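**Student:** Make the full structure from the sequences, and use the hints.
2 protein chains.
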Amino acid sequence: MNHIFSDRISDVPKSFLREILKTTVNEDVISFAGGLPNRDLFPIGEIKKASVKVLDEFGGDALQYSNSEGYLELRKWISDRYALKMGILVNPDNILITTGSQQGLDLIGKTLINESEYVAIEEPGYLGAIQAFSLYRPRFLPIPLHFDGLDLKTLQSTFQSYAVKLIYGVPNFQNPSGLSHSDENRDEVAKIISNSNTILVEDDPYGELQFQGEKRRSYFSRIPEQTVLLGSFSKIFAPSLRIGWMVAPDRLMEKLIIAKQASDLHTNYFGQRILHQYLTDNDLDLHITKIKEKYSKQKEAMISAIGKYFPKEIKYSNPNGGMFLWVILPEQLSSRVVFDLAIKEKVAFVPGDPFYINRTNANTMRLNFSCVDEETIETGIRRLGKIISDFIS
Amino acid sequence: MNHIFSDRISDVPKSFLREILKTTVNEDVISFAGGLPNRDLFPIGEIKKASVKVLDEFGGDALQYSNSEGYLELRKWISDRYALKMGILVNPDNILITTGSQQGLDLIGKTLINESEYVAIEEPGYLGAIQAFSLYRPRFLPIPLHFDGLDLKTLQSTFQSYAVKLIYGVPNFQNPSGLSHSDENRDEVAKIISNSNTILVEDDPYGELQFQGEKRRSYFSRIPEQTVLLGSFSKIFAPSLRIGWMVAPDRLMEKLIIAKQASDLHTNYFGQRILHQYLTDNDLDLHITKIKEKYSKQKEAMISAIGKYFPKEIKYSNPNGGMFLWVILPEQLSSRVVFDLAIKEKVAFVPGDPFYINRTNANTMRLNFSCVDEETIETGIRRLGKIISDFIS
Numbered sequence: 001m002n003h004i005f006s007d008r009i010s011d012v013p014k015s016f017l018r019e020i021l022k023t024t025v026n027e028d029v030i031s032f033a034g035g036l037p038n039r040d041l042f043p044i045g046e047i048k049k050a051s052v053k054v055l056d057e058f059g060g061d062a063l064q065y066s067n068s069e070g071y072l073e074l075r076k077w078i079s080d081r082y083a084l085k086m087g088i089l090v091n092p093d094n095i096l097i098t099t100g101s102q103q104g105l106d107l108i109g110k111t112l113i114n115e116s117e118y119v120a121i122e123e124p125g126y127l128g129a130i131q132a133f134s135l136y137r138p139r140f141l142p143i144p145l146h147f148d149g150l151d152l153k154t155l156q157s158t159f160q161s162y163a164v165k166l167i168y169g170v171p172n173f174q175n176p177s178g179l180s181h182s183d184e185n186r187d188e189v190a191k192i193i194s195n196s197n198t199i200l201v202e203d204d205p206y207g208e209l210q211f212q213g214e215k216r217r218s219y220f221s222r223i224p225e226q227t228v229l230l231g232s233f234s235k236i237f238a239p240s241l242r243i244g245w246m247v248a249p250d251r252l253m254e255k256l257i258i259a260k261q262a263s264d265l266h267t268n269y270f271g272q273r274i275l276h277q278y279l280t281d282n283d284l285d286l287h288i289t290k291i292k293e294k295y296s297k298q299k300e301a302m303i304s305a306i307g308k309y310f311p312k313e314i315k316y317s318n319p320n321g322g323m324f325l326w327v328i329l330p331e332q333l334s335s336r337v338v339f340d341l342a343i344k345e346k347v348a349f350v351p352g353d354p355f356y357i358n359r360t361n362a363n364t365m366r367l368n369f370s371c372v373d374e375e376t377i378e379t380g381i382r383r384l385g386k387i388i389s390d391f392i393s
Numbered sequence: 001m002n003h004i005f006s007d008r009i010s011d012v013p014k015s016f017l018r019e020i021l022k023t024t025v026n027e028d029v030i031s032f033a034g035g036l037p038n039r040d041l042f043p044i045g046e047i048k049k050a051s052v053k054v055l056d057e058f059g060g061d062a063l064q065y066s067n068s069e070g071y072l073e074l075r076k077w078i079s080d081r082y083a084l085k086m087g088i089l090v091n092p093d094n095i096l097i098t099t100g101s102q103q104g105l106d107l108i109g110k111t112l113i114n115e116s117e118y119v120a121i122e123e124p125g126y127l128g129a130i131q132a133f134s135l136y137r138p139r140f141l142p143i144p145l146h147f148d149g150l151d152l153k154t155l156q157s158t159f160q161s162y163a164v165k166l167i168y169g170v171p172n173f174q175n176p177s178g179l180s181h182s183d184e185n186r187d188e189v190a191k192i193i194s195n196s197n198t199i200l201v202e203d204d205p206y207g208e209l210q211f212q213g214e215k216r217r218s219y220f221s222r223i224p225e226q227t228v229l230l231g232s233f234s235k236i237f238a239p240s241l242r243i244g245w246m247v248a249p250d251r252l253m254e255k256l257i258i259a260k261q262a263s264d265l266h267t268n269y270f271g272q273r274i275l276h277q278y279l280t281d282n283d284l285d286l287h288i289t290k291i292k293e294k295y296s297k298q299k300e301a302m303i304s305a306i307g308k309y310f311p312k313e314i315k316y317s318n319p320n321g322g323m324f325l326w327v328i329l330p331e332q333l334s335s336r337v338v339f340d341l342a343i344k345e346k347v348a349f350v351p352g353d354p355f356y357i358n359r360t361n362a363n364t365m366r367l368n369f370s371c372v373d374e375e376t377i378e379t380g381i382r383r384l385g386k387i388i389s390d391f392i393s
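Line order of the protein sequences matches chains A and B. Residue numbering for the first sequence follows full-length UniProt numbering, beginning at 1 and increasing consecutively. Residue numbering for the second sequence follows full-length UniProt numbering, beginning at 1 and increasing consecutively.
These aren't lab readings, by the way, just hints derived from the structure by calculation. Since we're looking at a predicted model, the values are computed, not measured. Cβ atoms here follow ideal geometry from the backbone N, Cα and C, with glycine treated the same way. Please note: incorrect hints may appear among the correct ones.
[What the hints assert, rightly or not] The calculated DSBU-like cross-link candidates involving lysine-lysine, where the alpha carbons are at most 35 Å apart (straight line), are:
(1) 49/A <-> 49/B
(2) 292/A <-> 346/A
(3) 53/A <-> 49/B
(4) 344/B <-> 49/A
(5) 290/A <-> 344/B
(6) 255/A <-> 53/B
[What the hints assert, rightly or not] Reference listing, derived: stretches of chain A covered by chain B, where coverage requires no fewer than 3 residues with Cβ under 8 Å from a Cβ of chain B:
(7) 62-74
(8) 107-119
(9) 127-141
(10) 148-161
(11) 226-240
(12) 250-263
[What the hints assert, rightly or not] From chain B, some residues computed to sit far from chain A (all C-beta separations above 10 Å):
(13) 8
(14) 47
(15) 393
**Tutor:** Below, the structure written as C-alpha cells:
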C-alpha cells in the first residue's frame with residue numbers, strides 16, 4: 001500500500017512543538033515552553049451562570065444545528081466592539097465565526113491558495129499558520145521580523161519578484177516573539193501591499209492584551225479591501241470552547257462560508273450561546289483588565305530576572321502585551337543545545353527552529369510568561385542564565 | 001483581481017439545500033425538507049447538570065486548551081461502547097474526536113485525496129460528503145444505491161477499471177434515502193474492496209437509531225484495516241456541540257492527527273467534558289430508546305399516509321431507523337416540478353438532484369420525518385399525494 005497519503009499531508013511540518021511539550025509535562029520542570037493562557041483567570045463561575053441561563057431560557061434552540069456563519073447576536077457583538085474599541089465599522093455579514101482562529105487559517109488556505117502559489121510570512125512566524133497553509137502546498141517566502149516590524153527591504157523586493165497571493169502576520173505581540181509592528185512600519189507595509197493584488201492575513205489574538213498606552217491602528221483599518229482580520233476569544237475568555245472569528249471583504253465571504261460548511265457545518269453553537277450570554281451579563285473589559293494586570297506583572301518579573309541573570313550581550317524583546325518574549329543568543333549558539341542542558345536543570349522553553357520556514361539550530365528562544373508565578377519565573381530565568389553564561393564565557 | 005480564489009473552492013457544489021431550506025422557514029409550511037433531530041428530545045436538564053458539575057469539579061481544566069486527539073476518557077467510553085454493542089475491539093488510540101463527523105470527512109480528504117484521484121460514492125449520496133471531498137478535487141465515481149445496498153455489478157466494474165482511492169457510504173439508514181446495505185450486500189461489497197487498496201469510509205451517524213431487530217455487522221468489523229469508521233453524537237445527544245469521532249487503522253492515525261491539529265487544534269473541549277459527564281451520569285440507552293420510539297411512530301405515520309394518499313405506482317423506502325425516507329416518482333416526473341407546486345400548497349421536501357454527482361430533474365425526493373408530529377405528517381403527505389396524483393392522472 002504505497003502512495004496512500006495525499007502529497008499535501010506529507011508537506012506539513014511535524015509538530016516539533018508537540019514533542020517539546022511532552023518533555024515538559026513533568027511537574028518538577030519550570031516551563032516557559034507552553035503557549036497557554038493562565039487558567040487561574042478563566043471566569044468559571046460566570047461561565048457556569050451563562051450555561052445555566054442559556055439552557056433555562058433557550059433550551060433546545062441552543063442545542064440544535066445552526067447556521068455556518070455563526071450566531072448573529074455574537075457577530076453583532078463583535079461588530080459593536082470593533083466600532084467602540086477601534087473605531088472600525090464592520091458589518092456582521094462580513095464576520096464568520098470559526099472553530100478557533102486556527103480554523104480561519106484553514107479556511108483561508110482552502111479558499112485562496114493554489115499549489116505552488118506564493119505566501120509571504122513573517123519570520124519567525126506563528127507555527128500554526130505554517131502548518132495550516134502547508135496543507136495547500138504554497139511556496140513560502142519568509143520576511144524577517146525585526147524589533148519594530150517587518151523588514152521593508154525584503155518585503156519590497158519580494159513583492160517586486162513574486163506574485164504574492166497572501167501575506168501573513170501577527171502584528172500585535174506576536175507568537176513566538178512578542179514583537180509588534182510599529183505604526184511607521186504598518187504605514188510602509190500597507191503601502192507596499194496596496195500596490196499589489198495580495199491579501200493580507202492580519203491575525204490578532206493578542207491585541208486586546210496590550211498592557212499600556214494607545215493601541216496601534218490595525219491593517220484592516222488601513223487597507224480593508226485587502227485584509228482578512230482574524231480574532232479569537234481564546235485569550236480573553238477561554239480557549240477550550242474553540243471560538244474565533246474572521247472579518248473578510250464581501251468578495252471573499254461567500255466562498256469562505258462554503259468552505260466553512262464543508263469543514264464542520266458550523267462552530268459549536270452551544271458554546272457560542274454561552275459566550276454571548278457571558279458577554280451580555282458581564283463586563284469583558286473588567287475581565288481583560290485583570291488578565292493584563294497579571295500578565296504584565298509576570299512579564300516584568302521575567303524582564304527583571306533576565307536583566308539580573310542573563311549575560312549583557314543577549315538581546316530580548318520587552319513586549320507591551322501578549323504572552324511571549326523572544327531571546328536572541330549569540331549567533332553561533334544553537335538554542336537546541338541550550339534546551340538539552342536546560343531540561344537537565346528542570347527548566348524548559350521552545351527553541352526557535354520550528355518558527356522558521358527552513359532553519360535549524362537557530363540562536364533564538366521563545367519564553368512564555370503567562371503561566372508561571374513571579375517567584376518561579378525568577379528561579380527559572382536564574383537557571384537559564386547560568387547555562388547561557390557558561391556557554392558564553 | 002482575477003484568479004483570487006483557489007481552483008478547489010470553485011469545484012464545491014453550491015448548497016442548493018441551503019436555498020431550499022430558506023424557502024421552508026415560513027411557519028405555515030409543513031416541512032419534510034429539514035435534516036434535523038427532534039429538539040423536543042434533547043436532554044436539556046441533564047446537560048445543564050453535567051455543565052455545572054464539570055465546572056464545579058474540574059473548573060479551569062475543562063476551559064483550557066487540550067490535545068488534538070480528544071478527551072481520553074471520552075475515547076475510552078466510545079471504545080467500551082463498540083465492545084459492548086457491536087463486539088468490536090477498538091483501541092482508544094485509534095479514535096480521533098472530530099468537530100462533528102463532517103470534519104472527519106474533511107480530514108479524510110486532507111490526508112488521503114490527491115487531485116484527480118478516484119472517489120467512489122453511493123448515489124444518491126450524502127451531500128456533505130460530496131462537498132467535503134470536492135475541496136480536494138477528486139473524480140467521483142457514482143455507485144447506484146438500491147433498496148438492498150450498492151449495485152454490485154457497477155461496483156465490480158468500477159474497481160476493475162479504476163484505481164479507486166476511497167469509497168464512501170452510509171450503510172445504515174442513509175441520508176438522503178433511509179436505505180441500508182443488507183448483510184449479503186455487505187459481504188459482497190467487502191469482498192470486492194478487500195481485493196483492492198481502497199479505503200472504505202463507513203459513515204454511521206444513524207446506526208444507533210435502529211427501530212427494531214438485530215443490528216447488521218459493520219464494514220469495520222469485516223475489513224478493519226481498510227475501513228475508516230465515522231460516528232457522531234449529533235443524533236443521539238445534541239448536534240450543536242459538534243462532537244463526532246473517527247476510527248482509523250494505525251497507519252492512518254498519525255497523519256489524521258496532524259491534519260486535525262492544522263484544522264482547528266482540537267474539538268471544543270468544554271463540550272467533550274460535558275458530554276462525557278452526561279454519559280457517565282445517565283443511561284444513554286434509555287435516552288436512545290425514547291428517540292427511537294418517537295421517530296419510529298413518526299415514520300409509521302408517514303408510511304401509512306403515503307399508503308393512503310400516494311398513487312400506487314410510487315415506490316418508497318420503509319426504513320427501520322434514522323430520519324429519512326426516499327420516494328421514487330415515475331421516471332419522467334422531476335421532483336423539482338413537484339417541489340414548486342408543493343411550496344404553493346405549503347409543504348416542503350428536498351428534491352433529489354443535490355444527492356447525485358451530476359443529475360438534474362431527478363425523479364426522487366427526500367422526506368424527513370423526525371421533526372414533524374404525526375397529525376401534521378398526515379396533512380403534509382395528503383397535500384403531496386394530491387399534487388403527485390394530479391401529475392400522474
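**Student:** Each of the hints needs a verdict: does it hold here or not?
**Tutor:** Do the hints match the structure? See the list:
Taking the CA atoms of residue 49/A and residue 49/B, the gap is about 12 Å. The hint holds against a cut of 35 Å. With a CA separation close to 28 Å, the supplied pair residue 292/A and residue 346/A stays within the 35 Å bound. Taking the CA atoms of residue 53/A and residue 49/B, the gap is about 12 Å. The hint holds against a cut of 35 Å. A distance of roughly 45 Å separates the Cα atoms of residue 344/B and residue 49/A; the hinted pair therefore is violated under the 35 Å criterion.
For the hint linking residue 290/A to residue 344/B, the alpha-carbon distance of about 57 Å lies beyond 35 Å, and the restraint is violated. Taken as a hint, the residue 255/A and residue 53/B pair is broken in the structure, with Cα atoms around 40 Å apart against an allowance of 35 Å. Counting residues of the segment 62-74 of chain A whose CB falls under 8 Å from any CB of chain B gives 5; the rule of at least 3 is met. Residue count for the segment 107-119 of chain A with a Cβ under 8 Å from a Cβ of chain B: 5. That meets the three needed, and the coverage hint holds.
Chain B is given as covering the segment 127-141 of chain A, and this holds because 6 residues of the stretch bring a CB closer than 8 Å to a CB of that chain, at least three being needed. Given as covered by chain B, the segment 148-161 of chain A fails the check, having 0 residues with a CB less than 8 Å from a CB of that chain where 3 are the minimum. By the rule of at least three residues with a Cβ nearer than 8 Å to a Cβ of chain B, the coverage given for the segment 226-240 of chain A holds, with 4 such residues. Taking a C-beta to C-beta cut-off of 8 Å, the segment 250-263 of chain A contributes 8 residues in contact with chain B, enough for the three needed, and the coverage statement holds.
Residue 8/B, annotated as away from the interface, has a beta carbon of chain A within 10 Å; the closest lies near 7 Å. Not every Cβ of chain A is farther than 10 Å from the Cβ of residue 47/B; the closest lies at roughly 6 Å, contradicting the non-interface assignment. The Cβ of residue 393/B lies farther than 10 Å from every Cβ of chain A, with a closest approach of about 39 Å, so its non-interface assignment holds.
Of the numbered hints listed earlier, those contradicted by the structure are 4, 5, 6, 10, 13, 14.
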